[in-house]
Amino acid sequence: MSIQTAPKDMRHWVREREVHRDIFTHPDVFALEMQTVFTHTWVYVGHASQIPQAGDYHSTTVGDQPVVMVRQADGGIAVLHNRCAHKGVKIAGGEHGNTGKFFRCPYHAWTFKLDGALLGIPLNSGYAQNGFEGTEAAQGMARVGAVQVYRDFVFCRLAAQGESFADFFGESLSTLDNMVERSPEGKLEVAGGVLRYMHRCNWKMLVDNQTDTCHPMVAHESSAGTAVKVWKAAPEGTPKPMAVELFAPFVSPYEFFEGMGIRSWPHGHGHTGTADSIHAAYSPVPGYWDQMKAAYGESRAQKILGEVRHNTIYFPNIMVKGPIQTLRVFKPLAADRTLVESWTFRLVGAPDLLLERTLMYNRLINAPTSVVGHDDLEVYERSQQALLSRGRDWVNIGRLYDPAEAATPTQVVNGTSELQMRNQYRTWARYMAMGPEVKP
Amino acid sequence: MSPTPTQALIDLVYQEVRCIDEQRWDDWLALYTEDAHYWMPLTHGQTDPLLQGSLMYEDKMLLGIRVERLKGRRTFSQEPISRCHHLLQAPSMESHDPALGTAQVRAAFHYIETRGDEQQLYAGWASYHLRQQNGAWRIGLKRVDLVNCDAAFGNIQLFM
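Protein chains in written order, with my numbering: chain A, 1 to 440; chain B, 1001 to 1160.
Please note that a few of the clues may not be correct.
[Said to hold, decoys possible] Computed footprint of chain B on chain A, listed as stretches where at least three residues anywhere in the stretch have a Cβ under 8 Å from a Cβ of chain B:
#1 128-138
#2 153-163
#3 188-197
#4 347-359
Quick caveat, the hints were computed from the structure, so don't treat them as lab data. Here a beta-carbon is modelled for each residue, glycine too, at the ideal position from N, C-alpha and C.
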């Protein structure tokens, strides 16, 4: 049963160069997004390193759906709807833990195998020979439509039918490849804990912001700009602190961001930093280059570390930074509410200093106590409030628009183009127009 | 029961939060040693500020950047400005080494941060690692453990 269907003409919401304010503010649009965009696409669930042992689970959400990813006895990973087949109680209550050999509901002790199948019901004679087999509950906990584990990154598609993982992501997986290959052992582990940051704005504002290269020098003048100013006042000869190295590139001039480049891919994916990026000039970490050279050979190691992609958007709602090993999830809670989770990774086998830098970056940029975060959240929340204005209906995404661009989903352009935002909204409109999943 | 801190230590703790509440930032920073840190862990019982994530782990330069930013003309997240209020339990002495001139003092707190019509309440424990320098006590480390340090917060713009 759908709450609302998309307008017959999607141009009521998404035009070539502008998008309607309703898509950020209207609860019906949000409800439809959950049943379309977050149902038909491959959405990030978690990382395999979070659940190393059989029975380990991590509970999260895919769109508005509570799910749990759980390690199976055979080493595989299942993603289940986190709901008891009986009365609907959330089965995995905590964010993570180990459930043993099966899930047990805290309400009536119905048990389920790690793949969701119904295992047992106390006093089960009450369901004997009365047609229980034909009820939905007999099928156990529902599995999501499809699961794919790619180099330990776990994604799922809620809908049973749809595009394959490989078709959906295509070449964009190269960013995940690069982050993994930055480990001399080719392995990542979630490390350092997750920073959680509540945003009173629509989730799409955060996705847009990741490839918005005309805001850092303006919005972050107060934070990164001040950092540079304070640093310049330090006595000559003072070694440049890691924090300044991380902050300073945010306030690079427009020309830098123009030259950085933006690449878009089909299905709404894309990234900033094709040629250069704010992560390109960090100090070398002692010992790391030798490890990489030994692991991959000089030319391949150079290629891996020379890829300095800035922000890669995996449509619909995550952003990955290979060179600084972070993954941010923009979890939609309501039209005007988004939970941002910023996860960090250890490059297995690499020096600890890399993780130290990653964690410093995360707390300086992505924490609720971060000054850069304060700058961004302020403008998002002001947008959420002011988009209620009926004085103007449209949000402009027309910078460096080219009428021919929609025909070539894979392309590299000037780094200040809003091409990737347009790519996202074209994709968004396509999934919205599909409507909710039709179950057999 | 831990011994009562000397009046000088109690005064320093009260003075520190009063500087924050009154936004006397230069006076506030002057209470910290040059190699001081201000730490807000992300998890309960956290022991490592570098290889575990934190909400804040700032040296004096980073604290100075925050203070400069709060004064800045283009600090839009401070239009309108934030205000804050600390309520402290009487500090307790956790350890004291008169020979070294060091002490650790702890105080439970309620902290309110407001901006415009919004008011947020936080609660936790502040631990101070104090050091005597030129006859005066200074803060070498302030550690702020929030009771819900792992919760999802909106902006926290001032200092607990």
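Status of the hints after comparison with the structure:
no.: 1; hint: 128-138; verdict: violated (count 0)
no.: 2; hint: 153-163; verdict: violated (count 0)
no.: 3; hint: 188-197; verdict: holds (count 7)
no.: 4; hint: 347-359; verdict: holds (count 4)
In terms of the numbered hints stated before, the structure departs from hints 1 and 2, listed from lowest to highest.
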